[in-house]
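First to last, the protein sequences are chains A and B.
Counting in the UniProt record's numbering, the first sequence runs from 1 upward without gaps.
Counting in the UniProt record's numbering, the second sequence runs from 1 upward without gaps.
Source of the hints: derived by calculation from the structure; they are not laboratory data.
In this text, all values refer to a predicted model and were calculated from it rather than measured experimentally.
All residues carry an ideal CB built from backbone N, CA and C; glycine is no exception.
Fair warning: there could be bad hints in the mix.
Said to hold, decoys possible - Chain A residues, not near chain B, derived (Cβ > 12 Å throughout):
(1) T92
(2) E106
(3) N185
(4) A190
(5) D197
(6) S214
(7) A288
(8) Y454
(9) T490
(10) A513
(11) L541
Claimed, not checked - Now the stretches of chain A that chain B is said to cover, found in silico as 3 or more residues with beta-carbon under 8 Å:
(12) 37-48
(13) 428-441
(14) 527-534
Protein chains: 2
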Amino acid sequence: MKLSLLGLSAVLPSAFALWPLPTGLSLGTTPLTLAKGFDIKISIHNAPADLVAAVQRAKGYLANDKLQALVIDRGASSAGAIAKAKSLPSLTLSLASTANVTSISEEAVAPIESRVESYTLTVPADGSGAVLKANSTLGLFRGLATFGQLWYDWEGATYTLSAPVQISDSPAYPYRGFMLDTARNYFPIADIKRTIDAMSWVKINTLHWHVVDSQSFPLVVPGYTELSEKGAYSASKVYSPSDVKDIVTYAAARGIDVLPEIDTPGHTSVISKAFPEHVACAEATPWASFANEPPAGQLRLASEATVNFTTGLLKAAAGLFPGKFFSTGGDEINANCYTQDNATQASLAASGQTFAQALDTFTQASHAALRSEGKTAVVWEEMVLANNVTLANDTLVLVWISSADVQAVAATGFRLIHAASDYFYLDCGHGGWVGNFPTGNSWCDPFKTWQHAYTFDPVANLTESQSKLVLGGQSLLWTEQSSAENLDATTWPRAASTAELFWSGPGGDVDAALPRLHEEVYRFRQRGVAANALQPEWCALRPGACDLTA
Amino acid sequence: MKLSLLGLSAVLPSAFALWPLPTGLSLGTTPLTLAKGFDIKISIHNAPADLVAAVQRAKGYLANDKLQALVIDRGASSAGAIAKAKSLPSLTLSLASTANVTSISEEAVAPIESRVESYTLTVPADGSGAVLKANSTLGLFRGLATFGQLWYDWEGATYTLSAPVQISDSPAYPYRGFMLDTARNYFPIADIKRTIDAMSWVKINTLHWHVVDSQSFPLVVPGYTELSEKGAYSASKVYSPSDVKDIVTYAAARGIDVLPEIDTPGHTSVISKAFPEHVACAEATPWASFANEPPAGQLRLASEATVNFTTGLLKAAAGLFPGKFFSTGGDEINANCYTQDNATQASLAASGQTFAQALDTFTQASHAALRSEGKTAVVWEEMVLANNVTLANDTLVLVWISSADVQAVAATGFRLIHAASDYFYLDCGHGGWVGNFPTGNSWCDPFKTWQHAYTFDPVANLTESQSKLVLGGQSLLWTEQSSAENLDATTWPRAASTAELFWSGPGGDVDAALPRLHEEVYRFRQRGVAANALQPEWCALRPGACDLTA
């Protein structure tokens, strides 16, 4: 039985925590418990180590989640049924073909077009073993995440009331991301790893890592270590090559590709600490005349030396990341900064180029450097809307300024990622952060609720062929007002809402989704992620009772 | 030298973390370190145990804070000066009169009119000992908090660059509070205690504990234990009498009074779980016709049995709390609930009372019961503005709906606390939480920034005599969308902003305050409280550089 997200909502039991909702799902009403000796078996010869480790983690969650169902009695009235239920002895993982078994980690960073995340999961009600099948270890990993969400705890019994379960699942969109800015404020590696774990639970497959910006340069780039030595907030607030390897390895083993971003030519003030010759209007004041936020500073893109510096930096940085995508940014280029910069004006005069031509040269050189490292360039929307820049056909464009720009970006024919501030910016709505501005409000006010993001239509106003350009979407956390201290509660469960939108597809109903999202919040907490409360617990235990019209 | 808050800002060094700013302060420019054998001595015969404990905690903070100054080099350029600095051997605490030495805990819960929180603190630059003097142990405790904020760490040296320090400090307002709602979502005791510690660091002296509400009844009240047995979210999500004693004892030892609130007659749906006979329109639907949020339910105030139940409950609850204030709430009474309630209509008909008369009778009985337990009643503003209720002259009124209501409340002649939603509600601006309402926004949008609260004028539009009715103010955290997970970051540093407003007095300048508030955020984190980032760290290290016009 294949149900649409909308149709499905009507038949879901009240305690049922799958998130994102599988695209094909059939549920029964038979209680089933995990057997005392329950085991997860891998029926794959020479199973990859990261799959073995994923199974171990999955077993850990099953043992430790201890999530009580979000019903008024938390499951007490099911105790009898649970006690009498048949028990599930095992879950067996297998691949459709074992001709070429690749690891989760390899598949997670493979070109997005070639990734296979689909799987089927069968959990019989009769006491026979459950079966998880896929065409890829990545698919098996996604299925393990689903399996781990099927279970509740009642006094030590791990149970579901919804056996048999038959799932045939695959994502609506291949790109489901979360962007973290580690430049405005630094995030310790442990916090990034915890976030990666949480992302994997809801099948997000890309960490868009906005690693550096004008405020700090925490990335230690081989050959360019002065950047972090002089530009990190401190010697300990850095990501060394081994830290990066740790993070990308940790992510890949959890089915997550890391899309790094070194934003250019804007958002680069901090480069002036180590290489002042490459930065125009570095820390120029008043900053508002030179940048959208302090400190000002942009790469002297018209300078051949700066082009060479940038391409060298990008190549060196690219070597740290196993994935195919690499973002060169390209947002918020400030014209006045260059107009006022004598060096840039001299370079333009010497070469006879216009600014637009120089930007084109700079961007082509940057992207060629990345391509030589096997990377596909990613840019913010201005690079196709505001600037006339030559880009390779496979360039990926991030729509950020407004969802109203999606159509224009799609019209350029480039593939795009939804990241519009009016739906997906997690930082909006916390007031102004600029100093000496007591009446300042958030530029992208109001706060973007999970409900608002959930109702987004990824193909609104697009033609059928334009719709195919949409690779997916992501939540974004810019961190002017964030740090490790509020990371979890600011990100979760809202980023999970967007994860479901792009895995299960649009058209979901917020009313039907809310009980499941509550359960995801409670499960996250059981796993050590401080997800934010959606409602009073009274409401969480009573699906629908706190609806507007209830 | 006594400086106004505004005048003072100009002369503060850039690394200077006192918060709230002392009302009388003189600083030097001489470096001074804490001596290796630095000790805090109590020159009081038979010093109270809680003062001894407070000194131990203060020494712990001095040893463990390890807060580097928020300057670009974090103090490196001061290393030479620090190495050569004289060192402070000791801080000695003494009382002006030791005739009647009372404990911090006793003084913290004494009538607000009789509390003495002032102190003087002298930290010489010449290597002689520092002296903290007060007329009360509570004053000494406030001075200890200040002393603990004077110091930075540089490679193991604990130093200030601002000796000698001469402080003569006393609060502008006697009431400086923080309200926590533990009914919409439950908060573990450890989280409440951590919040109490944080409150004490910024000299907040009242925890307004909105302990129960329509959604849950976690308070275990002797003689009325059915309320929590049937109304708490779970058997573990309660505050037993020993838990309450633990909390009020912990708070009092930190100079904090606990003002409990059992909101009546509205916000009492949950009482119907144990005592259905006392609740009108219990869980009636559509809830929006019967209450401002689900579930509906109000005490049958016209029933003599319900009056007796309520007075009994209040008396029993009052016995759990050592302080003088006790709130009976009185906000958001829903008329339709009573109009539709046959029992209430029958009671009114039998007694010949109007609804207003019945509310008056109910309230007078409730307040008389509290008075018999030595309590002073506290109410929300509707009890003096919307309803014609007889209240004792010493009743304290909380202004919550809008700061525009302050003048009207003051005109009634009652003492008041500033708690207006348009300045002090920490929960605003996080979108709508009611289900099935994807476009819903926060009713009190936008988010209340620390800057906005900081610019509040407590006596705006009040006459001189009305101004004397203002006891102080507080931040408030209603927890429909909050739980332990986001408690720290949602509360801090914003509640500290309000704490300074009511300790140091209004008129402070947000631009001058920001660097100090940054330092308070960083110090909070060193002490284990996850205070929210105010700005990128780049800004935190460069006072003024991220101002709007910088």
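Taking the hints in turn, this is what the structure says about them:
1. With a cut of 12 Å on Cβ distances, T92(A) stays outside the contact zone with chain B, its closest approach being about 36 Å.
2. Every Cβ of chain B is farther than 12 Å from the Cβ of E106(A); the closest lies at roughly 35 Å, confirming the non-interface assignment.
3. Interface exclusion of N185(A) from chain B breaks down, the closest Cβ pair being 5 Å apart, not more than 12 Å.
4. The claim that A190(A) lies off the interface holds: its Cβ sits roughly 14 Å from the closest Cβ of chain B, which is beyond the 12 Å cut-off.
5. Every CB of chain B is more than 12 Å from the CB of D197(A) (nearest about 16 Å), matching its label as outside the interface.
6. With a least CB separation of 8 Å from chain B, S214(A) falls inside the 12 Å interface cut-off, contrary to its annotation.
7. For A288(A), the shortest C-beta to C-beta distance to chain B comes to about 7 Å, within the 12 Å cut-off, and the non-interface label is violated.
8. Consistency note on Y454(A): stated as away from chain B, yet its beta-carbon is not over 12 Å from all of that chain's, at 7 Å minimum.
9. The claim that T490(A) lies off the interface is violated: its Cβ sits roughly 8 Å from the closest Cβ of chain B, which falls inside the 12 Å cut-off.
10. Its beta-carbon lying about 10 Å from the closest one in chain B, A513(A) breaks the requirement of being farther than 12 Å from that chain.
11. Taking the minimum C-beta to C-beta distance to chain B, about 8 Å, the non-interface status of L541(A) is violated against the 12 Å cut.
12. With a cut-off of 8 Å between beta carbons, the region 37-48 of chain A has 0 residues touching chain B; three or more are needed, and the interface restraint is violated.
13. Against chain B, the region 428-441 of chain A contributes 13 residues with a C-beta closer than 8 Å to a partner C-beta. That satisfies the three-residue criterion, and the hint holds.
14. Given a C-beta distance limit of less than 8 Å, the hint that chain B covers the region 527-534 of chain A holds, as 5 residues qualify and 3 suffice.
In this structure, the hints that do not hold are numbers 3, 6, 7, 8, 9, 10, 11 and 12, in rising order.
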